[in-house]
Amino acid sequence: MTKQLSASKLRSAYQRMLLIREFELRVERLFLAGKITGTAHLCIGQEATAVGAAMALRKSDALTSTHRGHGHFLARGGNPDRIMAELYGKRSGYSGGRGGSQFMADYRLGYLGANGITGGSLSLATGVALAARLQNSSRVTLCFFGDGASNQGSFHECLNMAALWQLPVIFLCENNGYAMSMPVARSIAGGSIVNRAQAYGMAGEETDGNDLEMVYRAVTDARRRAAKGDGPSLIECHTYRYCGHSRGDPCVYRAPAETVSWRKRDPIQRMRRILLTRGVMAPGEHRLLMQETRRRVQQSVAYAEADAWPKAASLTEGVFA
Amino acid sequence: MTKQLSASKLRSAYQRMLLIREFELRVERLFLAGKITGTAHLCIGQEATAVGAAMALRKSDALTSTHRGHGHFLARGGNPDRIMAELYGKRSGYSGGRGGSQFMADYRLGYLGANGITGGSLSLATGVALAARLQNSSRVTLCFFGDGASNQGSFHECLNMAALWQLPVIFLCENNGYAMSMPVARSIAGGSIVNRAQAYGMAGEETDGNDLEMVYRAVTDARRRAAKGDGPSLIECHTYRYCGHSRGDPCVYRAPAETVSWRKRDPIQRMRRILLTRGVMAPGEHRLLMQETRRRVQQSVAYAEADAWPKAASLTEGVFA
Amino acid sequence: MKTITGAAMLRDALAAELQADSAVMLMGEDIGVYGGAFGVTRGLLERFGPRRIIETPISENGVVGMAVGAAIGGCRPIVEIMFADFVTLAMDPLVNQAAKLRYVLGRQASCPLVVRLVTGGGRCYGPTHSQGFAAWFIHIPGIKVVAPSSIADHACLLHAAVRDPNPVVFLEHKRLYARREPVPSDLPDIALGTARTVCRGDDITILAWSWMAVEAAMAAERLAARDIAAEVIDVRSLQPLDMATITESVQRTGRALIVDEAPGNGGVAAEIGCRVFETSHEYLEAPIRRLTAPDIPVPASPPMEQLALPDATAIEQAAFALMGTLQ
Amino acid sequence: MKTITGAAMLRDALAAELQADSAVMLMGEDIGVYGGAFGVTRGLLERFGPRRIIETPISENGVVGMAVGAAIGGCRPIVEIMFADFVTLAMDPLVNQAAKLRYVLGRQASCPLVVRLVTGGGRCYGPTHSQGFAAWFIHIPGIKVVAPSSIADHACLLHAAVRDPNPVVFLEHKRLYARREPVPSDLPDIALGTARTVCRGDDITILAWSWMAVEAAMAAERLAARDIAAEVIDVRSLQPLDMATITESVQRTGRALIVDEAPGNGGVAAEIGCRVFETSHEYLEAPIRRLTAPDIPVPASPPMEQLALPDATAIEQAAFALMGTLQ
Ligand SMILES: Cc1ncc(C[n+]2csc(CCOP(=O)(O)OP(=O)(O)O)c2C)c(N)n1
Ligand SMILES: Cc1ncc(C[n+]2csc(CCOP(=O)(O)OP(=O)(O)O)c2C)c(N)n1
Ligand SMILES: [Mg+2]
Ligand SMILES: [Mg+2]
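Residue numbers (this note's numbering), protein chains in the order written: chain A, 1 to 321; chain B, 322 to 642; chain C, 643 to 969; chain D, 970 to 1296.
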């Protein structure tokens, strides 16, 4: 079994979660204010999965994300300024404004990118793991994907190949109960995603995605298996997004009571209680952390606002390497 | 449980199997003789699956086939003359020579066609079942596919949707141990195809595909479930092709001893023994049946030889309905 | 005459088809209680029930394949692909199955299938949510391709597409969903394969479709103010093409400008350009001009996306240049 | 000079690349002990082992997606798609992932990937085993497309494709696998984006690629016997196009015949036709002529397939007609 997270790790996990939450809330407002256009999918409520998983990885590891990727990116250490600038479509954005919310990456961080195609990163991640195998590298690749993405054919194709070849990849499903408006009960025959691991003879684990420590442990174990050559794992993390699927989602497909009940399992509040109980954080400290976080987010907004638009002359540059 | 097959049914099943075997052996020779060009995948050794499954269906049911489709078509009552003419590329072929071995059908028979795309008919069959549901029809659709096809993404997508919507479809996998040169052990993680049914909460059954009665029973049961609204089934039939994958396959990927050992489980010889044991066929009768079958096949060759080529002027006709 | 948006017009047309023929069914992601990502199917689930308004998991390949199967089985499925970009996952059932059935299997087979693709840029959705692929589909014999620009045509072409016995790729432009236009209460029956002349003029022919036809019409107004009479033809049916209308116009004006929002290379504009040249080269007073997006992915950044996509101003300028009157 | 088949030439070239760079790897169905459906990879498994010669299940979408991932991860994957027709299952990773990476993610990202597609007709394999889709790929910015016709180019272009840092679709024609040609022992380095002049002539330019360039060369010989000097250009790189070579030739001859085995509508010939017209219309002494397959699926029946595909005779006739000398 994986050992407990240290106090400092717990603390920094909490800070990361706060950063993600505040960042996303701010993006929501910026959308409403018309400062950001296009689309963005926020992960408010899912912070523990992103941070718990990211913490279990090593620096040399890689991860791929989804359309709902800001949290994953921030959890991996992405720069909020450049993420925000990308959402604005500005020059210093991670993709120079070309990709927007669903298409940015930082390869130096091993963060291989969000993906506008539901399920699109399943095969990319598996391929990165295949490359690691070929290179005799110890790199493990983690692939975030949603419950909805698990219905794509490539889920089956990639789990099969990853299991056949015992690739060092972790398939981490953030089951937030819905794919847009489609509830899991109506989209996943048999009702369980983790059950599908069995069909491939793959290790499968189900966990509370709102419990950072449990996510951390599950991913740490999976990482160890992968690194040892014991093959891939499928982890299903149960979580919830409070926000709509994307901008302008009226959430008609779910009862407000459901959201309320999930609020009681809020990953951030839960962490706060743990930090307080374990004496990792003093009672008044939360306010300070919160202020600091908001300042950081505000700074990213200021950065994005001040940033220039991409150069018009660059429009057609860089299609080919 | 399904009741035993009557003597006359057993007899006609045997005749169908003989017809398929002789037809395929003849096609093989015609290829070598250069009478048939293009490609064809023969089902020599797999006759019991085709015939057993087809016998379990009703006239109003539908079935879809694969690239290895002659046996399925003949089992369903396809006209050998027109199948042979299609292989020759002649005018009276089922597709007027346009489709060849991998693309012919007879909708009036409910035989919806071979398919050049491995796994291509999985979604077609599921869609036909969906249509039956919408039409309140009692039609059940059976989808033949191979072990190799089960690795296509659409296998997952279709099993999932068929199970979610409890569609009247039977997924019948002819596991002949190989997809071209790829053995099941290296292509199916977990080693079993039928196990995947569980992941979708679907009925799954594994059977000896060289035993006509077992195939018949498994499909009859699945048909009953489907017709009653109890949803789809996945049936894995273990069988073997003696011949190469297609013309010119040197079979380097398997040991001759393997083929020899499967010959001992030959579906036709097995049926002959049953017919003799049960007194359904007199000892000398087999020779007569064989002669009759060869005459029938010879007739189809003569038909195809005598048939005209498609009209040149028809080349561009009929692209659109 | 009522004034109505593109999305509402499509919704009405879908409802009318569902009403008229019990074989018609809808398939797609989030088309039920959510009403579709762009609201096109809102209310249809309530009205026609879950047997006919079939909300699917995210399985584009399987869903389109099932729709082909349902069409073989006697239904008339209409599939919504939330963004055309995702049809990349469903090319096999369209190209290797649907498109081939009739030619190969003959009269026994038909495949009355409509695949609605949400296409185009202008919404800053970025490189994987702004594409169209019309050019791919015209290259596949056995598939028809239509792309309305007027709101009325959203209904007229949809009716024609649903009633057509062939697979039809129906390209809907996101920018047209919210556009409002007055529409007569009884719409004409139109045949697939007919273009629509948006405005008449004898100086230059501007060929466009989908949102670009809207931009072209705006450009024509501005050109009129500068004494250039542009004829705008909304091609609207990309396969089959109405070469009769196009040829008559180009031979009269002697000038052709073809506008396409997609990247130019290998685009529909190339096919039309070649055909115009083949049929009318002796009549041309100036070279044919293609005005398309540059050969780049569609960038998300608002000013960059705007720069990338042709618009009325670019059309006006290109037309001007073609008239030999440099600005 | 050794004489070698297309398949063997490719095999040698693959082996050389595997030898030269440990990042190169092969993926595909039956490419191991079977040696590939057309024998191209025969012996490579034995030589380079199963880590680098990766035999895959039948999962085209996943395999191509994994290859993109492997390229991101630092490998140089080469994927064999047994028949180009099956790439319909793998369009998403090519179009929405591979093609976009560089433009969107900038210098941090590159995607050195080669996808080998077995294309074309002439083997009676029927409608779902004879297609090519070159036109689809040239329409997607970020993808290069090559299609060799000479046996030497099977190696030269493969080398260039493997070393290119971009996704390259490599179209191999089935009919060239068994074709034998003498090939010099040291092959030149050639850059993607250069055409090859097969034979010189001042009367007419015939533009072709892949198997059609072979047919065009035969046609040119017959034309020579009839006193027509045809210049045959093997376009070979469809994206980027070598417009310099094409333009120089067409402006010199004043006549262009473009030959493509694919259906004409929306085909590569349309793009080339438009570009030739755009660059050279004042030089043209006759209209540009496209000679392509009709807009039908490729029929399996031997005489029908032969009728459907352009060949030397059809090219000769079309060239003759373009010269104004009706037969
Ligand atoms: C191939 C594809 N199909 C559909 C979509 C539209 N879409 C974007 S996100 C989404 C829902 C995804 O659900 P899930 O995987 O559960 O992730 P979540 O949004 O819940 O985080 C859909 C349908 C898409 N982007 N790509
Ligand atoms: C999409 C696709 N990929 C690959 C092929 C080439 N191919 C034809 S049959 C076959 C093997 C199929 O194996 P299986 O499903 O087990 O059927 P079997 O041949 O054993 O009957 C392959 C790889 C194809 N036709 N379609
Ligand atoms: Mg979800
Ligand atoms: Mg098999």
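Worth flagging that the hints you see were computed from the coordinates, not collected in a lab. Don't be surprised by glycine CBs; every beta carbon is placed ideally from N, CA and C. Don't take each hint at face value.
[Stated by the list, open to error] Each pair of labels, with its calculated beta carbon distance range:
{"id": "1", "chain 1": "C", "residue 1": "Ala886", "chain 2": "B", "residue 2": "Ala633", "range": "54 to 60 Å"}
{"id": "2", "chain 1": "A", "residue 1": "Ser60", "chain 2": "D", "residue 2": "Ala1147", "range": "46 to 52 Å"}
{"id": "3", "chain 1": "A", "residue 1": "Gln298", "chain 2": "D", "residue 2": "Gly1018", "range": "36 to 42 Å"}
{"id": "4", "chain 1": "C", "residue 1": "Arg822", "chain 2": "A", "residue 2": "Ser60", "range": "53 to 59 Å"}
{"id": "5", "chain 1": "A", "residue 1": "Leu32", "chain 2": "C", "residue 2": "Gln959", "range": "35 to 41 Å"}
{"id": "6", "chain 1": "B", "residue 1": "Ala548", "chain 2": "A", "residue 2": "Ser138", "range": "52 to 58 Å"}
{"id": "7", "chain 1": "D", "residue 1": "Asp990", "chain 2": "B", "residue 2": "Ala578", "range": "36 to 42 Å"}
{"id": "8", "chain 1": "B", "residue 1": "Glu638", "chain 2": "D", "residue 2": "Pro1151", "range": "42 to 48 Å"}
{"id": "9", "chain 1": "D", "residue 1": "Ala1193", "chain 2": "C", "residue 2": "Gln959", "range": "20 to 26 Å"}
Query raised in the report: Looking back at the numbered hints, which does the structure fail to meet, lowest number first?
Result: 1, 3, 9
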